[in-house]
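Build out the structure end to end from the sequences listed, making use of the hints.
Chains as they are written, first to last, in numbering that gives the first Met the number 0: chain A, 0 to 306; chain B, 0 to 306; chain C, 0 to 306.
Hints were generated in silico from the structure; no laboratory data involved. Just so you know, not all the hints are guaranteed correct.
Since copy identity is lost for identical chains, a pair holds within one copy or between any two.
[As the list claims (entries may be wrong)] With a Cα cut of at most 30 Å, we get these calculated DSS-like pairs of lysine-lysine: (1) 29 x 210; (2) 255 x 11; (3) 157 x 94; (4) 210 x 254; (5) 90 x 147; (6) 38 x 4; (7) 38 x 90; (8) 149 x 254; (9) 5 x 246; (10) 246 x 147.
A quick note: this is a predicted structure, and the numbers were derived from the prediction, not measured.
So you can see what is in the structure, the chains are spelled out below.
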Amino acid sequence: MNWVKKDLLGIKGLTKEEILFILETAESFKEISLREIKKVPTLRGKTIITLFYEPSTRTRTSFEIAAKRLSADTINISASTSSYVKGETLKDTAKNLESMRPDVIIIRHSMPGAPHMLAGMIDSSVVNGGDGSHEHPTQALLDLYTIKEKKGRLDGLKIVIIGDIIHSRVARSNIFALRHFNVDIVCSGPPTMMPPNLEELGVRVEYDMNKAVEDADVIMMLRIQKERGGTSYIPSIREYSTLYGLKASHIERAKKDVIIMHPGPINRGVEITDEVADGPYSVILDQVENGVAVRMGILYLLTGSAS
Amino acid sequence: MNWVKKDLLGIKGLTKEEILFILETAESFKEISLREIKKVPTLRGKTIITLFYEPSTRTRTSFEIAAKRLSADTINISASTSSYVKGETLKDTAKNLESMRPDVIIIRHSMPGAPHMLAGMIDSSVVNGGDGSHEHPTQALLDLYTIKEKKGRLDGLKIVIIGDIIHSRVARSNIFALRHFNVDIVCSGPPTMMPPNLEELGVRVEYDMNKAVEDADVIMMLRIQKERGGTSYIPSIREYSTLYGLKASHIERAKKDVIIMHPGPINRGVEITDEVADGPYSVILDQVENGVAVRMGILYLLTGSAS
Amino acid sequence: MNWVKKDLLGIKGLTKEEILFILETAESFKEISLREIKKVPTLRGKTIITLFYEPSTRTRTSFEIAAKRLSADTINISASTSSYVKGETLKDTAKNLESMRPDVIIIRHSMPGAPHMLAGMIDSSVVNGGDGSHEHPTQALLDLYTIKEKKGRLDGLKIVIIGDIIHSRVARSNIFALRHFNVDIVCSGPPTMMPPNLEELGVRVEYDMNKAVEDADVIMMLRIQKERGGTSYIPSIREYSTLYGLKASHIERAKKDVIIMHPGPINRGVEITDEVADGPYSVILDQVENGVAVRMGILYLLTGSAS
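Encoded structure:
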């Protein structure tokens, strides 16, 4: 197929074919990061801006490495520390940046829909690097990539997502993506962290984590967003950890070849024990590695270098 | 002509020929940003440092993009967040950086004359990226570039500059540049924001904005520098906006093909209404686009790559 | 010889041969920074991350310039301003970064031994860019490089180190390095700033600075680390300056061709007078220049590009 979309704003707007096409494209880029010379000239002469209104190290670094390995020029704008950008409307910042002719702007913003607004205003491609508790499409894509890589397929799997579902853009994007496949998605977590009508998204809810993980092929843990006030929805970190922290006992209830995922950074001893995070079922670091490949693929597709 | 100056410190030290030569050079670089592959090898192997003692996103980004499209290596030093640089004299920072053999240092500093001091101490080329309320030469050059591009000429134009003239390095640099041409420069703004003896610079003063804009070819709005205490010179933002904010009614008094300029970032509803800022006469985004071309031209000339 | 070590963690683990080999390698890179085109393709396609948990401008800039002149891709992570990295264990940050396949991580951390921990956990090469008051190996290497360059040799020299010895990673790394040679190392400074058992390191202690500098070939001044509470060990800056600040009178007591060194940034009028810092014996800026060459050499050796 040919990629035609200008932007990657969310999983919601993607077809199953588009999702699979991104994963396929990413696959062809993965081995570049394993070479002696980790660089191809594909995006030479392209300008890629990261515009982050929220602090982020790992996502920004992942995008920056992806862009550089494709030989693009990268410009980092940390709007969280930039007073000029702060006093300006997002539209003015967008139009100004567009005037400098970037090919792609990767935006992270606390406001849901900010990337969509941006994309509607400018000709440059826009990638959603996380917008509030709305979407984080590149995370979901790297998660699917990792599941597919480890399991050989997506269809037929039982995938359990555990934690602060309601505030999690990672959960939302993953659910939107996984719904395209014949999977059994189960969400678990404290009732206060479950969105109402979750079932309407085609997801089962199981408050008892022990039951939720039963026969799971994939357990996807979410991060307690301490910095977003996530802890105000639970009595205490200790109780959360007791009821919804992933422990070795849960692994035993899951399938023998279960994989454990987490978008990072992990709160050790809170949503996951050291034993599990560092254990043989954990694919957390594979997710990070695949993140670079997936972002390379996306930058490649959006810049039209494919055609 | 051949470029011989080591630095670009201000418009004041430039001849008319030099100004025109920079504009001409910039012109040859403008189309690079419109190519599929926005990169030429001209400054390969050159090291360009941005040393910003005041926060800035747009100017730093513009210089960084300009440098990268010329294939230079760029290093960003944000001295406003760097405690090491803070405790050090500017001279020591300068001599230290020089020892690392950069080709160009672009400095922004709150102290008028800081770039001149720097230039006198080191062999590397120095570009003034804004020094207090003194000069902002690359802004004036991109403004002239834009006027010339839109009007086909500089001579014979009526150019009105409106706002906080006394604190504006943009106004100063523009006046210094425009004086070389046969133009009618009119300044308008609250009396408290007008420098004494402005007429000595060859500029007319007209406090009544309605009169000032009459038959104007170019209206150049200045930014109210809230962050520099600019509002203490006026009774209130509301009154300022009423008396000196640019509105559609002013456009009607100007020439039919008037252009509206602003160095950005704009305070919408203060010095300019949305209707005007986003209207057909506005060339604000052209200024941003031309900024990259002008800075490419300047970096090219200063690094002697022309010879 | 062939370089075999994965990391550069400290001077302590280096043999004399390895030290000399680094200096020799650096020498071959020094002239690159003096060329018109200051860039060689040696590290093309390598990814180098600076991970700085303490603010630093000069060391980070020096490494970044070194990497870029070798054509490596550089990623800066300022962990001091990154909330994500802060909440994460160093191990998790390390493993995450490793998953993105960097070739070298340069780490600065307030905790002694942090780089060693990092190096033990990941396959990427690790360079210690300063760990608390423990080691700063690249500084010592550039210091030795500068001494050798100016004196033609290391053996037979009298080298005096003056100041806050106990808190200085620069002093420690230099002592570890210089001990491999037939040099007379003398430390001077206030008794409260002298580590106990300093003599066990093969160093002489002479509290009287006038005696210490007598016939010195090299005087290495240390920085008063105001930001590390270094001033709490002395009655006052004024008294420190009187007793241990380097003045012209000390130069007269030293060898005629003494060289004056300082790792920077200098506190003028505290540990060194302007007259001496800017005088003919000062090699402070040569140290900065050599820093780029030494770091180029180290990056080259660690990435195995030598083989």
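Do the hints match the structure? See the list:
no. : hint      : result
1   : 29 x 210  : neither (36 Å within a copy, 63 Å between copies)
2   : 255 x 11  : neither (32 Å within a copy, 47 Å between copies)
3   : 157 x 94  : between (44 Å within a copy, 28 Å between copies)
4   : 210 x 254 : within (13 Å within a copy, 76 Å between copies)
5   : 90 x 147  : between (38 Å within a copy, 27 Å between copies)
6   : 38 x 4    : both (26 Å within a copy, 25 Å between copies)
7   : 38 x 90   : between (34 Å within a copy, 27 Å between copies)
8   : 149 x 254 : within (14 Å within a copy, 68 Å between copies)
9   : 5 x 246   : neither (42 Å within a copy, 35 Å between copies)
10  : 246 x 147 : within (24 Å within a copy, 58 Å between copies)
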